[in-house]
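**Q** Start from chain Z and add chain P according to the hints.
Each chain, written out:
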Amino acid sequence: MTDGAPLSWEEVARTHGRKIYNFAYRLTGNPDDAKDLAQEVLIRVERGLANYTPGSFEGWLWRITRNAFLDDVRRKKRRPTTALPIDLDRTDLISTPPPDEVLASIRLGDDVQKALLGLPYDFREAVVLCDVVGLSYDEIAIAVAAPVGTVRSRIHRGRKMMREALT
Amino acid sequence: MNHVGELASAYLDGETTPKEASRLVAHLADCDACQREMADLHAARSVVRSLPVLELPESIRVDLGLSPDVVPFRSRPAAWVGTAAAAVMIFVAVATAAAPDSVGLTLVEVSAQYEQQALVDGGVSPVVGLVRAGGGE
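Quick note, the sequences are listed as chains Z and P, same order.
Take the first sequence: its letters are residues 13 to 179, numbered as in my numbering.
Take the second sequence: its letters are residues 147 to 283, numbered as in my numbering.
One chain only, chain Z, in its complex shape (with noise of 0.2 Å):
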């Protein structure tokens, strides 16, 4: 999106419904969380978009993403630390009887997503934002509120822990 165009809520509920619900997701590892955190983010892009200033589009919103997660985080008191079950009739997943790679690939997915939920948070954030999202080193640092080689260090650990979680 170009930075500094007027926005409807609708065109950024359209155009990052999709992301931000996927970033909630790989974030908490729970389906019922990830929902709630969307409307919630949803609900407080439509408020502040009136106060929005011409910059980093991405980066304002991934801010009040991360922050609509941090606040439920507090709020719940807890840190989600474990992955759900795989469940194989999520129709949002597939919707056919899947083959047996369908099947390898969601296991192997459930191994990448627990993988994920041991990280510490920080580079939980960092890794999701920049390989699940596809943000920018500037616009995760603008959206976390970090050094951009805070930002650099965070995603080469993540990755680091990641390869040994999985090995």
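Bear in mind the hints are in silico, worked out from the structure with no lab data behind them.
No experiment lies behind these values; they were computed from the predicted model shown.
There is no bait here: all hints are sound.
So, partial list: chain Z residues that the calculated Cβ filter (under 7 Å) puts toward chain P:
id	residue
1	R30
2	Y33
3	S165
4	M174
5	R175
Backbone N, C-alpha and C fix where the C-beta goes; we use that ideal spot for every residue, glycine too.
**A** Frame of chain Z; chain P shown alone:
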């Protein structure tokens, strides 16, 4: 030069300066340990990037009155594609040829499987194609 360290991940993401990238590639040519680290990091990066993309739950779309999302999930291609891909291909080829057992087989297999799915979904990553090719030989 010191070992590649954090530069390795940044390079995979296209987040190094041209000068940093040149230094890194030159170092990789002479350092087996960094070649292995680079392959490990690439595998870890690939499995996360290849996780299935979940659709926004129908209930949210209905509640908010949204039509189905038809926007591509990832609109930002890897910045290094086209600029540093050749250098990456060289180091991966060297890494897989010189040290075929240096990468955990399981993780590479996982990486290859996910990457195959990502390619089907429109993802871009020429590097894993080489890792997969190297691992299959």
